[in-house]
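Turn these sequences into a full structure, and let the hints guide you.
Read off the chains here:
There are 2 protein chains.
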Amino acid sequence: MTQLQRPFNFSAGPAALPEEVLQTAAAEMLDWHGSGLGVMEMSHRGAEFIAIYEKAERDLRTLLAVPSDYRILFMQGGGIGENAIVPLNLSRGAAVDFVLTGSWSQKSHKEAGKYAHSQIAASAEASGFTAIPDPATWQVNQKAAYLHICSNETIHGVEFQELPDLKALGADIPLVIDCSSHIASRTIDWSRVGLAFAGAQKNLGPAGLTIVIVREDLIGHALPICPSAFNYELVAKNDSMYNTPPTWGIYVAGLVFDWVLRQQEGSLTGLAAIEARNIRQASRLYDFLDASSFYQNRVQPAARSRMNIPFFLTDESRNAEFLAGAKARGLLQLKGHKSVGGMRASLYNAMSDAGVEALIAYLQEFEKTSA
Amino acid sequence: MTQLQRPFNFSAGPAALPEEVLQTAAAEMLDWHGSGLGVMEMSHRGAEFIAIYEKAERDLRTLLAVPSDYRILFMQGGGIGENAIVPLNLSRGAAVDFVLTGSWSQKSHKEAGKYAHSQIAASAEASGFTAIPDPATWQVNQKAAYLHICSNETIHGVEFQELPDLKALGADIPLVIDCSSHIASRTIDWSRVGLAFAGAQKNLGPAGLTIVIVREDLIGHALPICPSAFNYELVAKNDSMYNTPPTWGIYVAGLVFDWVLRQQEGSLTGLAAIEARNIRQASRLYDFLDASSFYQNRVQPAARSRMNIPFFLTDESRNAEFLAGAKARGLLQLKGHKSVGGMRASLYNAMSDAGVEALIAYLQEFEKTSA
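Residue numbers (full-length UniProt numbering), protein chains in the order written: chain A, 1 to 371; chain B, 1 to 371.
Keep in mind that the hints were calculated from the coordinates and are not lab data.
In this text the structure is predicted, and so the values were computed from the model without any measurement.
Careful: at least some of the hints might be erroneous.
Said to hold, decoys possible - Calculated lysine-lysine pairs in the BS3-like style (CA-CA distance at most 25 Å, straight line):
#1 A:Lys143 with A:Lys114
#2 B:Lys338 with A:Lys110
#3 A:Lys237 with B:Lys237
#4 A:Lys143 with A:Lys110
#5 A:Lys107 with B:Lys338
#6 A:Lys143 with A:Lys167
#7 B:Lys114 with A:Lys110
#8 A:Lys237 with B:Lys110
#9 A:Lys107 with A:Lys55
#10 A:Lys338 with A:Lys107
#11 A:Lys237 with B:Lys338
#12 A:Lys114 with B:Lys114
#13 B:Lys338 with A:Lys114
#14 A:Lys237 with B:Lys107
#15 B:Lys237 with A:Lys114
#16 A:Lys338 with B:Lys237
#17 B:Lys338 with B:Lys55
#18 B:Lys107 with B:Lys338
Claimed, not checked - A few chain B residues that face chain A, going by a derived Cβ cut-off under 7 Å, partial list only:
#19 Ala94
#20 Gln201
#21 Ala207
#22 Gly220
#23 Ala222
#24 Ile225
Idealized CB from N, CA, C, for every residue including glycine.
As C-alpha cells, then:
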C-alpha cells in the first residue's frame, strides 16, 4: 500500500498512533494470524484472544518494569471512571489525600468526596496551575488510605519529573498516580507507587481501555457498594475477564507495547529510546517558545510536561487564523483545551521529530506574517 | 483485495461482524474520509468524530424506532457494569423487581441487591431455565422502582417473544430490559419499556461499548454514590462525552447500524429484513434439531431464542470430537457455555444462510459417522 505523507496529529487524546500499528490493525482486520477471525469477532475466552491478552500483559510488564507483586488490570471507564473506582476499592472508610496540580487532580479530588473524606495535601491553584508544590511543603495525612496525584496534567501541561517519596515525607501510605497522559513515555519508580491508572487514549491508542497497575496487598478491600465490574479483586481473580474486556483496545494497545519495545535511538532501545526522543522533541519546542516573544508557555520550567505543551499567541485575536493555517499545512488538532484557551501541542510517543520540526517551521512562518 | 471464503463464526460474543463492515474499517484505518486521521486518532470533540457519533446515534434511532423522549447513551462497562449502573440510577431507594429466566437475569438480580431491596417477581429456575414464566403469574411489586428482565438469555437460549405489558399486569412501573444479545435483531415495543441496555459485543460488534436507551423522565434520579462516569444525567447532558467515549466502538457499531438499515429480504428492508432472515435461520436449525434423535435442544419452543441455540449430543462423550470436526470444516466457536455444557450456535445478524446450511450439513455428516 502506498501512502502519502500523513498529517501531523497533535491531539491531546484520543491521539496519534504509530503508522505501523494502524497498518497491522488494518491488515489483520479480517483474519488474525490465520485464525479466520478478526480480533473484534473473537470470544474473549478463546485461545486466539487469550494469546493476544497474554502477550499484551507480558509486554506492558516488561516495558514498565512492573514488579511481580503488582497486578495489571485491563478495565473500562477511563480516568473519570477511576476517579470513583479507586476510592471505592482503596479508601476502606479512611480519609484520602490529594495534591492539586491541574484540572485532572481537581476532578479526582471532587469525585473521591463521594466515598471518603477527600482532603487537599497541597495545591498549585494559586499559581494558575503552572507549578508543582514542593513535596517538602505537603500536609500529608499519615492516616489517609492513600495520596493521589496526577503525574501529568494533560490540560495544564504540568508533569512530575520525579514521583514523590511519601515514606521520606513521613507517611507510609500508598501513592496513587493518574498517569493517563504520559504512561509508556518514561519509567515509573514502583517503589514509590501503590497504584497507577491510565486511560489508554493518549499514549496507547484506543479510547475505552483503562489500564490499572496495582500492588497486590491493596486488592481485596473494596467497599460493599463497589460495582462488581469495577472491583479490583474480581477483575484480578478473573484475569480482567470478569466481564467481557474491551478486546479491540487490548489488541491495539498490545501492538503499541510491541512497537515501543522495538524503538531505537542510538544505543538506547524500548522505553529508554522513547524517553530520549520525547525529551529531545519537547526541549526543541520549549526552547523555541522561550526564545520567542510572539509565543508563550506559562508553566515553570521544572514542572513542564514532555507530552502536553500549551502555548499562547501574544495576540490572541489571531488564534483562529493560526489554527486554520496549521490545518492547511497538515498540522492538526492544535487547539487548546477550552478551560485554558490558546494552543496545545501534544507530543505523545507516536510523534516524529519531523512533526515537531514542521510545527516549529509553521510557528516561525506565522510569526513573520505579523511583522 | 481478494478473500477466500471466511469460516463461519458461531461465537456467542464477541461475535461475527459483517464482512463489509470489517472491510470498511480496514480501508479507513489510516484515513477516515480524507481527514488524514484514523478514527482511533481523532479527538472525540473534533468535527470528524462528532459526525461519526451523530450518524451512529441517528441511525440507531431510526433502526429501533426509538421515540424522541428516549435518550441514547453510548457508555462503557458492559452488561455486568449496567447490573450496578441501572439500580444506581433508577432505584431511588425503592425495591426493584426481577424475573429470572437464566444466568444473566440471575446475575442482575444479585448485583442490584447491593443498592436496593432486590426481589424476585417470578423465576424459571425450577425448569432449569428452559421456559419463561407466564406474566399472568408474576408477583409484581407495584411499588418497585422498576422490573428487570433479560429479554434474551445468551447462555440458556431463552428469549421473550413479546415484552410483558406491566400496566396490563396492574403495575405502572418501568420495565428494564437487558437486550445485549438480541439488540437490533427485532423491533422493541417502546410503549412497554423504560430502559433498554446492551453490551455491543453480540450483535453490534465491538466489546467495550454499552448502549443505554432510556426514557427521559427516568434520568436525573441517581443515588449520590453513583460514579459520575456512569450517571445517566451527566452522560445525557454531555451527549455521551462526559468522559472520553469508546470512539472506535461507536464507529464500528455505526457501520453495523448502516449495514442493517441497508439489508433486504424480498420486499423487506432494514430491521424487518434482518428479522425475517433471523426467523428463517433459527427455524431451519431448530427444525433440524427437533427432527433428530442424535441432537437435542431443551428449551420450550415458545421460549426459544432466535440468536443463541444451545444443543447437546445424545452421546456427550463425543463433544470434543464434534468440536474438532467442526473447526476443521470452518465452523468456529460452537462450544457451549461452561455452566450449561454441550454446544451453542449463535446466529447473530452477521450470520449467513450459508453458515446455517454448512452447520446442518456437518450435523448430518457427524451423526452418520455414529451409525
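Hint-by-hint comparison with the structure:
1. A:Lys143 with A:Lys114: Since the Cα atoms of Lys143 (chain A) and Lys114 (chain A) sit roughly 19 Å apart, the hinted pair holds (cutoff 25 Å).
2. B:Lys338 with A:Lys110: 42 Å, violated
3. A:Lys237 with B:Lys237: 36 Å, violated
4. A:Lys143 with A:Lys110: 19 Å, holds
5. A:Lys107 with B:Lys338: 42 Å, violated
6. A:Lys143 with A:Lys167: Cα-Cα ~13 Å, so holds.
7. B:Lys114 with A:Lys110: 24 Å, holds
8. A:Lys237 with B:Lys110: 19 Å, holds
9. A:Lys107 with A:Lys55: Violated, at about 33 Å.
10. A:Lys338 with A:Lys107: 16 Å, holds
11. A:Lys237 with B:Lys338: 18 Å, holds
12. A:Lys114 with B:Lys114: 17 Å, holds
13. B:Lys338 with A:Lys114: 39 Å, violated
14. A:Lys237 with B:Lys107: The given pair, whose Cα atoms are some 18 Å apart, holds under the 25 Å limit.
15. B:Lys237 with A:Lys114: 20 Å, holds
16. A:Lys338 with B:Lys237: Holds. Lys338 (chain A) to Lys237 (chain B) sits at ~18 Å (cutoff 25 Å).
17. B:Lys338 with B:Lys55: Violated. Lys338 (chain B) to Lys55 (chain B) sits at ~38 Å, over the 25 Å cutoff.
18. B:Lys107 with B:Lys338: 16 Å, holds
19. Ala94: 17 Å, violated
20. Gln201: Hint on Gln201 (chain B): holds, closest Cβ of chain A at ~5 Å, below 7 Å.
21. Ala207: Hint on Ala207 (chain B): holds, closest Cβ of chain A at ~5 Å, below 7 Å.
22. Gly220: 17 Å, violated
23. Ala222: 11 Å, violated
24. Ile225: Holds, because the Cβ-Cβ distance from Ile225 (chain B) to chain A comes to roughly 5 Å (cut-off 7 Å).
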